[in-house]
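As a plain string of letters, each chain reads:
There are 2 protein chains.
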Amino acid sequence: MTDQTPATLVPITIAILGGTGKEGAGLGFRWAHAGHRVILGSREADRAVTAAADLTALLGGRATVEGADNATAAAAATVVVLAVPFSAQQATALSVRDALAGKILIDVTVPLVPPKVDRVQLPAGGSAVQRLQDELGPQVRVVSAFQNVSAVHLKKIDHPIDCDVLVCGDDADAREQVVALANAAGMVAWHAGVLANSAAAEALTSVLIAINKRYKVSSSGIRLTGVAPPGPPAGG
Amino acid sequence: MTDQTPATLVPITIAILGGTGKEGAGLGFRWAHAGHRVILGSREADRAVTAAADLTALLGGRATVEGADNATAAAAATVVVLAVPFSAQQATALSVRDALAGKILIDVTVPLVPPKVDRVQLPAGGSAVQRLQDELGPQVRVVSAFQNVSAVHLKKIDHPIDCDVLVCGDDADAREQVVALANAAGMVAWHAGVLANSAAAEALTSVLIAINKRYKVSSSGIRLTGVAPPGPPAGG
Numbered sequence: 000m001t002d003q004t005p006a007t008l009v010p011i012t013i014a015i016l017g018g019t020g021k022e023g024a025g026l027g028f029r030w031a032h033a034g035h036r037v038i039l040g041s042r043e044a045d046r047a048v049t050a051a052a053d054l055t056a057l058l059g060g061r062a063t064v065e066g067a068d069n070a071t072a073a074a075a076a077t078v079v080v081l082a083v084p085f086s087a088q089q090a091t092a093l094s095v096r097d098a099l100a101g102k103i104l105i106d107v108t109v110p111l112v113p114p115k116v117d118r119v120q121l122p123a124g125g126s127a128v129q130r131l132q133d134e135l136g137p138q139v140r141v142v143s144a145f146q147n148v149s150a151v152h153l154k155k156i157d158h159p160i161d162c163d164v165l166v167c168g169d170d171a172d173a174r175e176q177v178v179a180l181a182n183a184a185g186m187v188a189w190h191a192g193v194l195a196n197s198a199a200a201e202a203l204t205s206v207l208i209a210i211n212k213r214y215k216v217s218s219s220g221i222r223l224t225g226v227a228p229p230g231p232p233a234g235g
Numbered sequence: 000m001t002d003q004t005p006a007t008l009v010p011i012t013i014a015i016l017g018g019t020g021k022e023g024a025g026l027g028f029r030w031a032h033a034g035h036r037v038i039l040g041s042r043e044a045d046r047a048v049t050a051a052a053d054l055t056a057l058l059g060g061r062a063t064v065e066g067a068d069n070a071t072a073a074a075a076a077t078v079v080v081l082a083v084p085f086s087a088q089q090a091t092a093l094s095v096r097d098a099l100a101g102k103i104l105i106d107v108t109v110p111l112v113p114p115k116v117d118r119v120q121l122p123a124g125g126s127a128v129q130r131l132q133d134e135l136g137p138q139v140r141v142v143s144a145f146q147n148v149s150a151v152h153l154k155k156i157d158h159p160i161d162c163d164v165l166v167c168g169d170d171a172d173a174r175e176q177v178v179a180l181a182n183a184a185g186m187v188a189w190h191a192g193v194l195a196n197s198a199a200a201e202a203l204t205s206v207l208i209a210i211n212k213r214y215k216v217s218s219s220g221i222r223l224t225g226v227a228p229p230g231p232p233a234g235g
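Chains as they are written, first to last, in numbering that gives the first Met the number 0: chain R, 0 to 235; chain G, 0 to 235.
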């Protein structure tokens with residue numbers, strides 16, 4: 000694995016709540032491949048262990064992915080990722096609240112409201128992740144990212160991801176660490192401002208679903224223009 | 000002018016309320032250059048006439064831009080563009096309401112709330128333009144577009160605009176006409192779904208302002224990926 004690991008990477012432990020879903024598993028796959036320790040979380044430990052074994056097989060000996068119930072995964076990690084359906088966002092995060100204190104929580108949640116998932120339906124107040132931060136309180140460093148990246152591409156490691164990542168958060172240092180994690184997963188990522196700005200990324204996902212439908216494609220995304228991609232992060 | 004006019008262009012009359020501002024004037028310049036009749040509107044006719052003369056000079060004999068008060072401009076046009084500051088959005092549109100019946104109103108308004116214009120502050124309910132449509136009623140065919148295109152590039156006619164246009168609206172035919180108008184102005188434009196989806200474009204503008212600030216650039220934008228730009232519009 001060392002030949003895939005950038006010299007600057009400092010391995011950390013990442014828990015992915017909802018790690019049995021496509022988006023969470025895809026991110027976990029990329030981070031494990033990059034050299035981080037990844038623990039998939041699920042409400043049922045068995046399901047997480049099975050999904051982790053699948054990822055380990057896909058990694059072909061390069062790394063081992065672990066599985067656990069959400070609380071165990073969150074407790075063991077330094078960075079926790081929330082990748083659950085919108086309807087489970089608040090309950091899942093609150094169920095592991097104690098384990099999140101002082102940690103970075105990367106919220107990948109998109110406020111899709113079935114059946115009209117191609118229609119922007121932001122919660123009152125704008126951003127779903129802002130609402131979550133308000134609920135969790137300042138002891139959790141919530142950062143929003145990855146809402147616009149199609150899960151389709153994540154598990155194809157040699158497939159460049161043709162979608163930029165907007166990283167929003169009120170804590171600049173936490174944001175910087177998430178930018179670095181996106182880079183480690185092979186994505187271009189941007190400091191996109193305060194956490195409330197996540198409303199743009201959240202809303203954009205419904206627009207991309209509408210675009211997919213209208214133009215008969217599977218995974219449209221966005222790139223920023225008029226600005227040069229920043230270099231590799233200074234840290235890991 | 001005929002050599003610049005695509006064979007398919009059917010000239011229409013476009014009124015631009017707030018046409019003395021940078022974004023409105025820039026769009027007017029491009030449409031006049033493409034062969035459309037453009038009337039800049041302003042609360043004060045004198046200011047519109049002056050701004051129109053400036054554009055006419057910039058066009059170097061290719062076309063003449065007219066100026067009038069907002070009501071006169073709106074009454075004379077088949078397509079009306081609203082390009083005013085957020086604080087004037089509702090009042091300006093309502094002041095010409097009678098002239099808008101049955102017409103397409105292209106709303107370019109971005110709900111920026113000074114001084115924190117790099118922070119997403121969508122109105123209650125999500126989209127500012129959706130709120131306007133609710134106010135104007137179904138007799139006005141409101142379409143949202145151009146929120147993310149920096150005015151910096153609009154007046155440089157040989158300058159390709161490196162930003163896609165998200166076109167949102169509940170009336171598919173009206174949306175199609177706005178896509179065609181964006182194409183005529185040299186931009187790639189996309190059917191981005193229902194009018195409520197404009198929340199994404201509206202919020203994205205604050206994100207782009209945050210990006211401009213953070214990365215010290217003047218006019219960041221977006222491009223869609225994973226989808227091929229559609230061909231030229233069938234109509235004009």
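It is possible that part of the hints are untrue.
One copy or any two copies: either way a pair holds, since identical chains are not told apart in the list.
[Unchecked claim] Distance condition first, Cα-Cα at most 20 angstroms in a straight line; then the derived EDC-like pairs of lysine to aspartate or glutamate:
1) Lys-115 with Asp-169
2) Lys-215 with Asp-97
3) Lys-102 with Asp-53
4) Lys-215 with Glu-175
5) Lys-21 with Asp-161
6) Lys-212 with Asp-133
7) Lys-154 with Glu-43
8) Lys-212 with Asp-172
9) Lys-212 with Glu-175
10) Lys-115 with Asp-170
11) Lys-212 with Asp-169
12) Lys-215 with Asp-133
Note that these hints are calculated values from the structure, not bench results.
Here is how each hint holds up against the structure:
no. : hint                 : result
1   : Lys-115 with Asp-169 : between (30 angstroms within a copy, 14 angstroms between copies)
2   : Lys-215 with Asp-97  : neither (44 angstroms within a copy, 39 angstroms between copies)
3   : Lys-102 with Asp-53  : neither (28 angstroms within a copy, 56 angstroms between copies)
4   : Lys-215 with Glu-175 : between (35 angstroms within a copy, 17 angstroms between copies)
5   : Lys-21 with Asp-161  : within (18 angstroms within a copy, 32 angstroms between copies)
6   : Lys-212 with Asp-133 : neither (34 angstroms within a copy, 26 angstroms between copies)
7   : Lys-154 with Glu-43  : neither (23 angstroms within a copy, 59 angstroms between copies)
8   : Lys-212 with Asp-172 : between (37 angstroms within a copy, 17 angstroms between copies)
9   : Lys-212 with Glu-175 : between (34 angstroms within a copy, 16 angstroms between copies)
10  : Lys-115 with Asp-170 : between (33 angstroms within a copy, 17 angstroms between copies)
11  : Lys-212 with Asp-169 : between (34 angstroms within a copy, 16 angstroms between copies)
12  : Lys-215 with Asp-133 : neither (38 angstroms within a copy, 31 angstroms between copies)
Comparing the model with each earlier hint shows violations of hints 2, 3, 6, 7, 12; every other hint is respected.
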